[in-house]
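Number of protein chains: 6
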Amino acid sequence: MKIAVYPGSFDPVTNGHLDIIRRAARIFDTVIVAVFYNSSKKCAFSIDERMDMLRTATKDIDNVIIDSSDNLLVHYMENNDVKVIIKGLRMVSDFEYEFQMALANHQQNKDIETLFMMTASEYSHLSSSLVRELATYGGNLIGLVPNDVIPYVYEKLQPKK
Amino acid sequence: MKIAVYPGSFDPVTNGHLDIIRRAARIFDTVIVAVFYNSSKKCAFSIDERMDMLRTATKDIDNVIIDSSDNLLVHYMENNDVKVIIKGLRMVSDFEYEFQMALANHQQNKDIETLFMMTASEYSHLSSSLVRELATYGGNLIGLVPNDVIPYVYEKLQPKK
Amino acid sequence: MKIAVYPGSFDPVTNGHLDIIRRAARIFDTVIVAVFYNSSKKCAFSIDERMDMLRTATKDIDNVIIDSSDNLLVHYMENNDVKVIIKGLRMVSDFEYEFQMALANHQQNKDIETLFMMTASEYSHLSSSLVRELATYGGNLIGLVPNDVIPYVYEKLQPKK
Amino acid sequence: MKIAVYPGSFDPVTNGHLDIIRRAARIFDTVIVAVFYNSSKKCAFSIDERMDMLRTATKDIDNVIIDSSDNLLVHYMENNDVKVIIKGLRMVSDFEYEFQMALANHQQNKDIETLFMMTASEYSHLSSSLVRELATYGGNLIGLVPNDVIPYVYEKLQPKK
Amino acid sequence: MKIAVYPGSFDPVTNGHLDIIRRAARIFDTVIVAVFYNSSKKCAFSIDERMDMLRTATKDIDNVIIDSSDNLLVHYMENNDVKVIIKGLRMVSDFEYEFQMALANHQQNKDIETLFMMTASEYSHLSSSLVRELATYGGNLIGLVPNDVIPYVYEKLQPKK
Amino acid sequence: MKIAVYPGSFDPVTNGHLDIIRRAARIFDTVIVAVFYNSSKKCAFSIDERMDMLRTATKDIDNVIIDSSDNLLVHYMENNDVKVIIKGLRMVSDFEYEFQMALANHQQNKDIETLFMMTASEYSHLSSSLVRELATYGGNLIGLVPNDVIPYVYEKLQPKK
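If you read the protein sequences in the order shown, they are chains A, B, C, D, E and F. Note that the working numbering has the first sequence beginning at 1, numbered continuously upward. Note that the working numbering has the second sequence beginning at 1, numbered continuously upward. Note that the working numbering has the third sequence beginning at 1, numbered continuously upward. Note that the working numbering has the fourth sequence beginning at 1, numbered continuously upward. Note that the working numbering has the fifth sequence beginning at 1, numbered continuously upward. Note that the working numbering has the sixth sequence beginning at 1, numbered continuously upward.
Isolated chain A, as found in the complex (with noise of 0.2 angstroms):
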């Protein structure tokens, strides 16, 4: 059975994160979507409200998994037996930091690789940090993350009015 892990902070997760999601779902049997967090880095949502996002944004794509973990990455892996890493590519600077990271999981254990998928067009501009931006502005973002999860991000990041 062919398992992949796609990891990232999902905070939150957007359009362009359910768009690779559904894409590697095709591709593997399991798709383990891993919420990485460590305590020195800052996020706008608990680990519990993105999880809960990721469940919400799946729920009709029956070979997912919603998990989370502190851990570095490759023992994540090591520890869960997954060999294959799946990442969306949007630009040219994530390509960089993306390659180092993949080479340096590869050097930390050569059985572990690193696939990466192209981001949909038209979710090339999206990230995670743009959605939140907008939505502390009270900006419009529908079509940048999933409809069930605007509630959750509005909530959050009320507007200032």
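Derived by calculation from the structure, the hints in this document are not laboratory data. One or more of the hints may lead you astray.
Below, computed lysine to any residue pairings styled on SDA-like, alpha-carbon distance capped at 20 angstroms [stated by the list, open to error]:
(1) D:K41 to A:S129
(2) C:K42 to B:N38
(3) E:K2 to E:T30
Taking beta-carbon pairs under 7 angstroms as the criterion, some of the chain E residues facing chain F (in silico) [said to hold, decoys possible]:
(4) K2
(5) F95
(6) E113
(7) L115
(8) F116
(9) S121
Since the structure is predicted, the reported quantities are computational estimates derived from the model, not experimental observations. We treat Cβ as the ideally placed atom computed from N, Cα and C, and that holds for glycine.
Based on these hints, arrange chains B, C, D, E and F on the given structure of chain A.
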């Protein structure tokens, strides 16, 4: 069964290509290495020579098939009922071209996905054209192309006097 | 009156070009779409064919003029007393080439400015050469070139049997 | 009448910014230079200081207006009924960030267009943060910020010693 | 006598840094490795620790001097009457930042030149921040920092648990 | 004695090349400017013309030698017992190509190092091909190639009537 196609010119196959083939063969049940050609692009080696070098280089990998095609990649995928394309990325310039190609292929057929693997860093400077140029001048090819392939390359691109 | 020139090869015009033309025509009073050619660069379509396809594609936009020139762009601007060049940017590699061209044109004539517009993300993978390649293989052109232009392209680049 | 907004932090204005303002003011009837700020981003200079330095730097350009806002750029454009954003591009990393912003703004309001100008090559290495760093160490600011602005910068960021 | 300065944070020194130092020491008569620091940038290791790790890592290279400074790099060069800065480049994002810095330094003093060396490809994914992150999680540092430096790093960034 | 080779096509030499030569000649005891050619690459100027233009352009720099070769760069370095290659970098696309070349040359001979200098920003848009294109159309070459070289270029690439 998970099948992936690794398309290219392989003019000639390099150790960078072979590294991608080997790693892809650990992830997928079958990897089809497909030499794509078209009459408008001049190559140094014939289709048969390129397939021959690939067979020599991959003879110890069980689940690899060597094929060739002068069709559009998307049509080849459809004809063989394969959904996954594997490509190696070395550098930013690769990234942009491959990004365009992946989007174009996805636009032609929504079921076809391209998965990218990062070339191992020791091969990031390696390309078929570099190999051809070095061979023409009698440069050292050890470590650049599979050892069994070196004689083919020298014979074809016989060093200047 | 604000006039801008949108120069290119348009071999053939794509929906990405048309998107830039449409958006530029909302900002400027007149947009001159100028087919630049020179004898050393071989094109698939003749000047007349390229202008014809552009006229067909832009027939519903009032303030667009189709022209052609084999002059240096800066000289064309001077001869027509126009100061603003419009260019579309899709990707980093576009950026660097266009950056050089903009600086070179500005160096030739300090009054000439190049304004860049970002290609809409759905067209970021689209280029005339991709269109030509797809057409040659009988690939699907819907959404890539204006519908009225599709017959021109197929007729010229008749798919291989 | 053609109006464009040139938004930024201008912390402080540099000769690179001034070059863009001057060139944009030749193309558009009015250029609004708008200092954008939000409470979460710490700046070295206050809004008033930044507007003051901009007024000083642009006092010989008739069709420039200095403004400020803590709103979302798109909302500012809508409130002022302006459709065109001007941005300067220096480098590839600018390009990617600005590309995302331009697409995001266009997604929020289809009528709003971003036009990019290439920073003159002599200012391609220049940024407000470089100016602040040099000033902190007593480096030479001539040619980097408008002459009239130099005293403001030194006074604020008094060299160590 | 040809002297060059190799400036950096070295927080901590990596095998990528050491590779550049070794290769620069073959080209120049003396290489000064200078730890630059300023009060506004928090580092994991103290100046003394960073210099100590550098001394340990370079103890077999005769013509290397370890120094530190909180001055502007250009002023340090002037005070020590050195004209050549050595920097390593790994990736496109390095390139752009270093390009800006090299131009800024050259603008401050026309006699000061920056020479760039390409990081060996096996270290292209390596950075001090990656080392710190791996150490914090108890990841494997062999091959990433000089063997004699590994104990310093683990002691400081003692793995969680 | 420190010697460096500055290799290139110099078809023709530009002010960007000359700037690198001048700055390298201040760092190294001798700079060999070497015109590399091979029969498969068509150039506008003959080897003799290119060397002649280089001699004219560098006649006031004492420690510069003009040479030519149709050998592999690494073999040329070995034959002349020189260890250091100097290259100018203008842009990201240069960077990637030169990065590959530097790694390839280092792979062929571990003692050979490539040192990169940043092209002065006023020449960052300048290339031999831009010069040739401008000359063909009778564009202005002042500031782009050394004044003494301009007549050679116009004579060869006689402007279209």
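Each hint tested on the structure:
no.	hint	in the structure
1	D:K41 to A:S129	14 angstroms, holds
2	C:K42 to B:N38	19 angstroms, holds
3	E:K2 to E:T30	7 angstroms, holds
4	K2	6 angstroms, holds
5	F95	5 angstroms, holds
6	E113	6 angstroms, holds
7	L115	4 angstroms, holds
8	F116	4 angstroms, holds
9	S121	6 angstroms, holds
The structure fails none of the hints (numbered hints given earlier).
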